[in-house]
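Since chain A is already given, all that's left is putting chains B and C on it; use the hints.
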Amino acid sequence: MEANPTPADTFQRFHVLHRMLHVVIIFNFTLLAITGFALHFSEFGWVQVLVSVMGGAAAAGWLHRFCAVFLYMGVLVHLLWLFYYKFVLKQTWSGPDSMLPGKKDIKDLYQNLRYAFNKDTPPLFDRYSYLQKYDYWAELLGMQSMGITGLILWYPDFFAGILPGYFINIAGYLHFYEAVLAVMYIGVVHMADTHLVPDIFPMEKSIFTGNIEKKRFMEDHPEEWKRKQMTNSETA
Amino acid sequence: MKMITHIIAGGILMVYMAAGSTALVFAAMPFDLSSEHANETPAQEALICLDCHRMPNIHTNEGVIASQTFCYECHSESDIKKRDAGADISLRVTPETFHQNQPAHRFVACISCHTDIARSPHKTQTGATCRECHPVHSENAAHAPHLRVSCQACHFQSEFVRLDPADLRVKLAHTDYDNAPIPLSEHIFSDAANKETCKKCHFKNNPAGAPAAVLPSKSALCIICHNSPLAMGHPIFGIAGLIFLAGMFSMIAFWFKGSVKGEETSVHRKISLSSESIWNTLFSRKLFSLVKVVVLDILLQKRILKESVSRWSMHSLIFTAILLRFLLSLFTAIGFYFNPDGELMMALNDKNHWFTAFVNDLLGLFILLGILWAAVKRYFIKPKHVVSEYQDNIALIIIGCLVLAGFAVEGARILVTQISFDTGVYSFTGFAVSRLFSLFPLDWASVYPVLWYVHGVFAAIFVAYLPFGKMRHIFNTPLTYFIETVDGVKNEKRV
Amino acid sequence: MKLQTGTKRKKNKVLTGWIYAFLTAGYIFLAPVLLPCTLAASPAPDATWFVDMNQYSSAAHGSLGCEDCHGAMIESGPGREKPHPDPDGEDFLKYQTKRRFDYQSCRKCHKTAYSRFSEGAHAAAADEEKKTGSVSRTGHAPVCGDCHSAHYSKSHLSRVQTGRIMTETCGTCHPDQKTSYLSNYHGKAAVNLGHEKSAFCTDCHGAHTTMSLKDKEAALNACLRCHANAPPEFANIIIHDTPKTRDMKNDEKQAGLKWVYAARAVILFFVVLVLAFFYSHTGVLMLRKLHEKLRRHK
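Residue numbers (the working numbering), protein chains in the order written: chain A, 10 to 245; chain B, 65 to 559; chain C, 12 to 309.
To be clear, the hints were calculated from the coordinates, so they are not data collected in a lab. It is possible that part of the hints are untrue.
Not everything, but these chain A residues come out facing chain C in the computed CB check (under 10 Å) [what the hints assert, rightly or not]:
1. Ala69
2. Leu72
3. Pro110
4. Tyr124
5. Leu172
6. Gly181
7. Asp202
Glycine is no exception: its CB is placed at the ideal position from the N, C-alpha and C atoms.
So here's chain A without its partners, still in its complex pose (with noise of 0.2 Å):
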């Protein structure tokens, strides 16, 4: 019997691979927030008692840093994968199936702040909508800057070198802004869009199972769709 075979009316939205990266990305996400939050936040009580379970300030650093290098082996994974799926698979880097924003993405944005105030119809969404294409390359940019920045703030020694001295302030000031910034932001946004949208309530399961049922297919990614020509048989 084959295992978990794909029901009838759903169809493959991720390739195994993708879903692993993701579940990479959700593991050292929450334990790079968790160790670095811990450090800056030390002054309380609490948090101090969360650092001397995890083995203590050395322990807690070193964990940050290997989540951080093993976040990033997905990053290169990725990238990897994306040579592999143009010049292997011989598909194509650009067009409607990418998270190339385009014309199409800034129309989106806008008809959909006019439905939210009840000015227009909701926008027809091709394969990703213009807020994934968005949280796609805030995180693989962002990755890069807080990379770097951690780089800088790991070899300060190093950076002092080719660098002056002050950036390794900056560095820091902009590793704990981004911190921030990218934990409120996933954290609230990216999971509400996900999760809390009320049709999809309470859990989007695609990017874990890479099925998608037709029936959001068709809610939430029309235009792709329409595309396709979906049959039952057909697959991503």
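Frame of chain A, contents of chains B and C only:
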């Protein structure tokens, strides 16, 4: 059998945890009980020093007497004085006068209150503190702006007060209003419950930054928005409360004119039947449906959201803000009663604390914005489905004026009590109002009481009017929802 | 809400029992952590005329008698011709005892510390104060008694314990440096988290030989004590970055600090902008979608 083994296992676990935690507590003890030198006794000559300089245990009566004796050595002399601005000020305190003037403090060491005086130079920086033993007053006795008044300013019998510019606290003055130095060493208490004592600060052109009149305390009715004591306050609130009760009574009496479960005539039986019905409902499974109605329909206003997002937003600005203010006030009032020394309670009691100031101003602003939105919709946009009867107008005007008057009082309070920018910025609306007021050269210390009464009168009218106009819906709508849920009959199908 | 009957109910009882057991155990375990520690020794009030003998006897100087340090005061003997202070004296009760005390008596036992102190900036400031009579803008220059309590200082404290006390002591006169230190990695790791490898005040500024690190060379030497591979530019990393201490730095660092403030302001602005936009975006859309869903469920 299995259950018993589980309980025993759990019990052993508990004992283990308790032992572990006891060890943890002892390990974490902050004072060091061990020392290499603990067993060595100091040399014999040093005892002369220690006769006076050993710290007495001021938690014992014997220690208190020893400590007081040290101070009385100098301070009971007849010629003990200090020189100040060319005058001799007596610093004499004798055991007899102290016992006479402060019998309750007979077995309290001088250094319990004068905590930093027993040192050279013989000058205090903190003055005498009562807070070592006594918690601050709640909203009841002396409301939040009195948090910056030192205990002695009210409780000591000296008529001269000052506002210390360094820490903006109101303290007893060491000089009279002609700048001649006065002694404060008699330690005589005043009768702080007597309103005459309040006039020490609350008079026209006072130096304490106090309003020019003694205002009554907030009433218990004010707890809808403010941390309030369980008192009537000014009689106008008592009257408002009575009118409110009368209105509610007449409303309920009208309902009971109909038949209850077939009973037409006997009011006694009607009340019996309906009480039984309510009791049975509360103690049945229907309770969960009622809870669901409370959460979804009352707290989250789901039915309004179903009608229109803008209406929901407008109504929530008013409703949710008032609800949150009410919950915060209730929490503060009750919490303060149980824990007046707690940091959280003291912060919530203090109108100038950044959290309390910010939250109250934000929520007040929300109410005002909701009212303004409603007014704009009702009087300017005038959508077809909105009909404005005179009761709608009254309700809007009362709440609108109430909140506006509230911000005016706040602005005047901040101005009169000379709150600095660093503290005041958190009450962003009130502070802005106070800056606006400062442009007008009025005697704000005298205007403030007037504004207070204006706000109070609107509050009294608001409460009194509740059962009579459109505001009745705050009682009737939830009641309707409950009845619907229990009956299972939706409004549309009712006759 | 279905009533559970039969075997299912029995299962729940056992589970409930375990849950209760763990909860109770948890409370007992957590109680000392959560309750305020009422076992702390009552601190001596600011009444320095009195010595708390309980604390004194368990402190570092507990084996010393009063006359070992205060000898001059009681030298005179039973008649006490030499006053101890003299109640009839001009400045009786008016001077600060810490300022008057002859700290040569510390030197008797603490020779190294005394000689190191005399090399440092605090001793230079104390000399300056004695000469000119004016106080620096930081405050009175400290001598032994200003940082160390002769009566109550404990011995055999760990590095972290000493460091934490030190942060409070130094912070009394240098509050801005204390604030900036505690918002820096070194302060957070060392003081808050008890990380021994991190630096406390004296690790950079020298114990007793307290020195300013305004000079880049001096600063680099301080960093090199732990960061062995630090290049010269490393000394331009700013530890104390609050605005009030800006003018105590050399020009290079002051310029750098300006850039840091500018960068901070820009970053904070963008963070607030992005969050404000997306929170309101999500907020209004969520309300609209909830409304639509409610209308569909008639």
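Each hint tested on the structure:
1. The beta carbon of Ala69 of chain A is positioned within 10 Å of a beta carbon in chain C (closest approach about 8 Å), and the interface hint is therefore held.
2. This hint is violated: Leu72 of chain A has a C-beta 13 Å from the nearest C-beta of chain C, more than the 10 Å allowed.
3. Evaluation of the Pro110 of chain A hint against chain C yields a violated restraint, the C-beta minimum of about 16 Å exceeding 10 Å.
4. Because the beta carbon of Tyr124 of chain A sits about 7 Å from the nearest beta carbon in chain C, less than 10 Å, this interface hint is met.
5. With its C-beta approaching chain C no nearer than about 8 Å, Leu172 of chain A sits inside the 10 Å limit, and its interface hint holds.
6. At its closest, the beta carbon of Gly181 of chain A sits 7 Å from a beta carbon of chain C; the interface hint therefore holds under the 10 Å criterion.
7. With its C-beta approaching chain C no nearer than about 6 Å, Asp202 of chain A sits inside the 10 Å limit, and its interface hint holds.
The structure fails hints 2, 3 (numbered hints given earlier, in ascending order).
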